[in-house]
Amino acid sequence: MAWRAALRSKAVIPGLLSCSSHGRLCASPTFITQRNNSTSPKIKVDFDQTTGVAVMHMQSPPVNSLSLDFLTEFCISLEKLEMDKGCRGLIITSNQPKVFSAGLDILEMYGKSPEHCGEFWKVVQEMWLKLYGSNMVTIAAISGSSPAGGCLLSMTCDYRIMADNPRYTIGLNETQLGIVAPFWFKETMVNTVGHRNTEVALQLGLLYKPAEALKIGLVDQLVPEDQVFTVATQTMTKWLTIPEHARQITKSMMRNPTIDKLRTNREADIQNFVSFITKESIQKSLRMYMEMLKQRKA
Amino acid sequence: MAWRAALRSKAVIPGLLSCSSHGRLCASPTFITQRNNSTSPKIKVDFDQTTGVAVMHMQSPPVNSLSLDFLTEFCISLEKLEMDKGCRGLIITSNQPKVFSAGLDILEMYGKSPEHCGEFWKVVQEMWLKLYGSNMVTIAAISGSSPAGGCLLSMTCDYRIMADNPRYTIGLNETQLGIVAPFWFKETMVNTVGHRNTEVALQLGLLYKPAEALKIGLVDQLVPEDQVFTVATQTMTKWLTIPEHARQITKSMMRNPTIDKLRTNREADIQNFVSFITKESIQKSLRMYMEMLKQRKA
Amino acid sequence: MAWRAALRSKAVIPGLLSCSSHGRLCASPTFITQRNNSTSPKIKVDFDQTTGVAVMHMQSPPVNSLSLDFLTEFCISLEKLEMDKGCRGLIITSNQPKVFSAGLDILEMYGKSPEHCGEFWKVVQEMWLKLYGSNMVTIAAISGSSPAGGCLLSMTCDYRIMADNPRYTIGLNETQLGIVAPFWFKETMVNTVGHRNTEVALQLGLLYKPAEALKIGLVDQLVPEDQVFTVATQTMTKWLTIPEHARQITKSMMRNPTIDKLRTNREADIQNFVSFITKESIQKSLRMYMEMLKQRKA
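Residue numbers (this note's numbering), protein chains in the order written: chain C, 998 to 1295; chain E, 998 to 1295; chain Y, 998 to 1295.
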């Protein structure tokens, strides 16, 4: 099985959650304030009315961390596209080199008030709810590594095309950091790669190389790095030939049972997350992890 | 994954539902009346008392469309065999060249009263309920293409042997016609090929070539075209060596949760189907589809 | 699919349940009494405090039958290790040649009172509940054949390493004896190899050769016979690098839904088992099976 290879390889080097900053500034409150006030969009949206296809280019340096701001912008963009009847397909990709998205931004969870953590978690939920249940055809053009929340974002799309570069990895590696993927991350993964693959992947926090990810079905297709976006566009064209209403109802039938589980448990899920993440032991893990990231960058 | 190949190949040419008639007569009410009065059996049943194995030869030209008459006859034959203690195995095959069954008969859904559509849907349910829960060992000897309802019929058996001819295809391609496979078609497919394969197969309405179908587990075995029935018979012999009572209880344990979902929701499922199929937009899709079929035959 | 090969091969020779004695003594009540009074431990437990890893060597000749005594000892040992905070990993292996465990001991079910059968079944449940929900990392070092209850024991661990010897087999072959695997055996198998593989495996009572077992995911890794234990130890070392608390919560999240189904239905499950196993027809099957075993040994 591919995850044995993943376990043997260096792919398991923790790289799971991300820190939305460069090197030493990582935990600087000043920086965070600046970041929050940033007016440059973290996502560039191109919508081609002739094809009905929108593209979200994630462009939040250095690694497209899923911060509160990023996710808020993501949800607003997604909702706009969803409400535009002319928009039938969405390709999500990254403008940052070597990375699709490095996942949830640790700075939103480290040293923050329970209120802040709760607000953050709510928008993580919102992103998933909107994207997993989108009426549009959604394709992830995974142009680089995609750990943790980046992997969730990918799995939440309808189809995943990944750059065939063995230096990139993808997986829900939260456990490696002492964090637990919540039940709806888990269910999304079970729906994608089955129960047993998920059991091992989540217990070990495995990051898979592209070939291994393809083998267990975590991605659908590997292509040379410079063709990821082109193939995503071609694939979209094929999907858009399918009668739309029937495809949408079918998608709902497959995904609504999972969506409903979170929708009816959002508050409890937020409480769970907040009480877990604000624990002293978990905060300590996050701090050590960020220090490790800093040292690797230095 | 096999369905990518399926999407690329010409296998996706719509061929999903079928029309129980030749060329131009397709939508003729006169023809339908004649058909209803037909006394020639649409299914030939051979039962060998020495082996305990019955064979249903589907012989309804041209493509074994699952019409109201066909399915009624199917259910009556199945119930007779089920009640015969000496009958322990059932092989379902086709006497028509190149096709196992082309699926539900569009003529039962096009231009018909809600009452007729409801009556038709009830017998589709009945076929599935009886066959998926049969105490007999059931083997589909898939001697040709098997789209839509033909694929459902195959998946409802215990084991599927298909002719290894790349011109044949199998799959639930309803979406291609703008129709939605109901939840119990979906669950039967999930039970056969898993959640992710089903999600893609149903969203795109994929028809798989035999090699692709084998790869995802939609069929269990490929054999040369002239050996399908022989191998089905040999396989049946092996299955019949298993202690019967234990096998039957085991089968129930695996399948009853799915069966119960329909059994407790039959009326609602009929209402859903009738209100969907009688929509003007869906009727228009059916008409266009039948016209396309006529042109292909012309 | 691997189970077709299994069906074709001689792997299906019934070998499913076991008889905890040598040849002719098999059904001797005297022998059973002696056995119950035996003071030599059926399981040797080695616990290395420096590594935090315990090893259970099953050493109940000839085939590590899961008798009432054996399972009671197993549960007590497991509970002790579970309560020892220093014990973080458990490897289960066999000291008997050619066999991991031959499964539930028929002598506990044949010619016994309903009370005895119920008491026996309760400890079978207990073994599964404790092991499937263990906080420790659990690895099965499958050094030989592992039919029926031996397969259940293996599947209940977190990871399965099997000796790559084609003369060994593994599977839930209860149906071959006329017995039905209970729902929680079934669910454990579905969680391991998926719905369709389980449906066929349980209906036919298939025993898989190592290569086939690997193919469907019934075991995770094959290694040369003399390296099973070494590789298990190395694998354990890797698993123990994972942050423990996060891994445990993740494991619970994956397994608790299945565990809860039995926990809330233990009494009904015992009643089901007792009323089934004490049926005259089933007792007759057991007797015939034991006689067949004796003849094979003679």
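Hints in this document: simulated from the structure, not taken from any laboratory. Check the hints yourself; a few may be wrong.
You can't tell identical chains apart in this list, so a pair holds if it fits in one copy or across any two.
[Said to hold, decoys possible] DMTMM-like cross-link-like pairs, simulated, lysine to aspartate or glutamate; straight-line CA separation at most 25 Å: (1) K1294 / D1257; (2) K1183 / E1288; (3) K1281 / E1241; (4) K1041 / D1266; (5) K1082 / D1266; (6) K1276 / E1241; (7) K1235 / E1288; (8) K1294 / E1116; (9) K1235 / E1222; (10) K1291 / E1070; (11) K1258 / D1161.
Taking the numbered hints from earlier one at a time, note which ones the structure violates and give those numbers from smallest to largest. Per hint list: 1, 2, 4, 5, 8, 10 and 11 violated.
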